[in-house]
Structures are given as C-alpha cells and as structure tokens.
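Visitor: Line order of the protein sequences matches chains Z and D.
All residue numbers for the first sequence refer to my numbering, where the first residue is 2 and numbers rise by one.
All residue numbers for the second sequence refer to my numbering, where the first residue is 9 and numbers rise by one.
In case anyone wonders, no lab produced these hints; they're calculated from the structure.
Model, not experiment: these values are computed from the prediction.
Treat the hints loosely; a few may be bogus.
Think about it this way: if two alpha-carbon atoms lie no more than 25 angstroms apart in a straight line, the pair counts; the simulated DSS-like pairs of lysine-lysine are [claimed, not checked]: (1) Lys65(D) to Lys91(D); (2) Lys50(D) to Lys62(Z); (3) Lys69(Z) to Lys50(D); (4) Lys106(Z) to Lys91(D); (5) Lys86(D) to Lys50(D); (6) Lys50(D) to Lys65(D); (7) Lys65(D) to Lys106(Z); (8) Lys91(D) to Lys50(D); (9) Lys65(D) to Lys86(D); (10) Lys62(Z) to Lys106(Z); (11) Lys69(Z) to Lys86(D); (12) Lys106(Z) to Lys69(Z).
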Amino acid sequence: AQSVTQPDIHITVSEGASLELRCNYSYGATPYLFWYVQSPGQGLQLLLKYFSGDTLVQGIKGFEAEFKRSQSSFNLRKPSVHWSDAAEYFCAVAPSGNTPLVFGKGTRLSVIA
Amino acid sequence: EPEVTQTPSHQVTQMGQEVILRCVPISNHLYFYWYRQILGQKVEFLVSFYNNEISEKSEIFDDQFSVERPDGSNFTLKIRSTKLEDSAMYFCASSETDPTNPLSGGDTDTQYFGPGTRLTVL
C-alpha cells in the first residue's frame, strides 16, 4: 500500500528565512505528487503538482518542489518565508489519475518575526 | 476562477441523526470525491464517484454512508445514523478526469478541494 511520510510535525522559521518541508513516499512506480496547504479553518489549496517531466516544479505563492526518484522524495521549498505562509502543509500521492489521494500527516509551519 | 463549494460550513447534530453534506463541484468536472479529516489527524479518502456510480471506496465508507448526484450540479454525502466518531471535517473534491478520453491525464487529474464542512456529532 502507498504511504506518505512527512517527518516534521511542526516547523518554526523566521520571516525571510528559507524553508524546506520534507515528504517521502512509498510506492513502486512514480506516482502523481502534490502539495496542498490548509490555513486555519480553511480548505485544502493546491500549491503544486508533479506528474512527469522536469523534476523541479513551480507552484503558487513562490513555492517549488523537487522530485527525486532515487530518494522517493518530493520536498517543498521556499527561498523566503512570509508571515502569511503560516499554515498546515500536506504532501499527497496518487498512483495515477482518478485514484484516491493518500495524504501525509501534515507539517504545521509557524512563522516568527 | 471556478471553485468547489460546500454547504453548510458547520453542521451540529445529535448522535443517531441523519445528515446530508452538500457539494457543488467545478462545472466541467466529471470525477468527484469525499475525504474526511478527524481533528488532528490526516486527510482520509472516503469515496470517489464517476458516471453516476461509486468508482472506489475506502473501508471507512460503510453502509452508514451514501453518495448521490441528485441533479446536474450537486454531489451529496449522506450519513444515515451519525456516531460520535463521525465528527470531522468533510472535504469534497473534483477533477476533470475523463477515463474514456485517451488524452486525459496529468493536469486534468488534479483534484480541487472545497472549503469543507465541519460536522460535530453530540
């Protein structure tokens, strides 16, 4: 069965600092990979996605993620964090289209001044 | 920009009561999903729906649950007799995926989520 691991439950960064959120997955082939963000009391907003091709993908709000097949990872990065980035971040995978997403447990990001 | 909408935003009910959660998927989307997130836990898949029938369901989706597309726009999740452990945030999602189209895939498979309905069972 597929699984997604987000090893960091909670990360705190200073505003303006760089950010990397880790995501590892367990799946035989290359799945579809996603990052979603959930602000307090809000729904899940898609940040970015990877299906194939260039392993570095750009998303909204200045986020990017890199797919590394050898490490089964899809880490999310941002060069300079803003206070408004404070939220819960979820990595998700799916074997292909029209299949259920499997989510990680999420990483809560706090941003301090 | 088109978005998935859900009503109500918060529903409080007594244990044993029936609840219906409503979703309006993005208009040209064909595949619909329900997920739930118990407070403090991960988002879990419940069911997917395509062409007016269930495509896939998880172990969570037992006989207490049902889904329906009563008209051309709404997609509903019914919980027949709510239990305390049904308290959760329920998310609807939709995608353009068309399994009959050989060109479908990639971007069309992206699932877009609604804002969720918080269900509280007392």
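Visitor: All hints, please: hold or fail.
Guide: Verification of the hints:
1. In summary, the hint linking Lys65(D) to Lys91(D) is supported, as the alpha carbons are separated by about 19 angstroms, within the 25 angstroms threshold.
2. Pair hint Lys50(D) plus Lys62(Z) holds up; C-alpha atoms about 23 angstroms apart against a cutoff of 25 angstroms.
3. Taken as a hint, the Lys69(Z) and Lys50(D) pair is honoured in the structure, with Cα atoms around 24 angstroms apart against an allowance of 25 angstroms.
4. A hinted pair counts as satisfied when its Cα atoms are at most 25 angstroms apart, and Lys106(Z) with Lys91(D) qualifies at roughly 24 angstroms.
5. With a C-alpha separation of about 21 angstroms, the suggested pairing of Lys86(D) with Lys50(D) holds against the 25 angstroms cut-off.
6. Taken as a hint, the Lys50(D) and Lys65(D) pair is honoured in the structure, with Cα atoms around 17 angstroms apart against an allowance of 25 angstroms.
7. Simply put, Lys65(D) and Lys106(Z) have alpha-carbon atoms about 20 angstroms apart, close enough for the 25 angstroms limit, and the pair holds.
8. At most 25 angstroms may separate the alpha-carbon atoms for a hinted pair to count; Lys91(D) and Lys50(D) meet this at roughly 19 angstroms.
9. Proximity of Lys65(D) to Lys86(D) is assessed by CA-CA distance (about 14 angstroms); at most 25 angstroms being required, the pair is judged to hold.
10. Taken as a hint, the Lys62(Z) and Lys106(Z) pair is honoured in the structure, with Cα atoms around 22 angstroms apart against an allowance of 25 angstroms.
11. A threshold of 25 angstroms between alpha carbons decides the hint, and for Lys69(Z) with Lys86(D) the separation of about 41 angstroms lies outside it, so the pair is violated.
12. Under the criterion of a C-alpha separation no larger than 25 angstroms, the hint pairing Lys106(Z) with Lys69(Z) is consistent with the structure, at around 20 angstroms.
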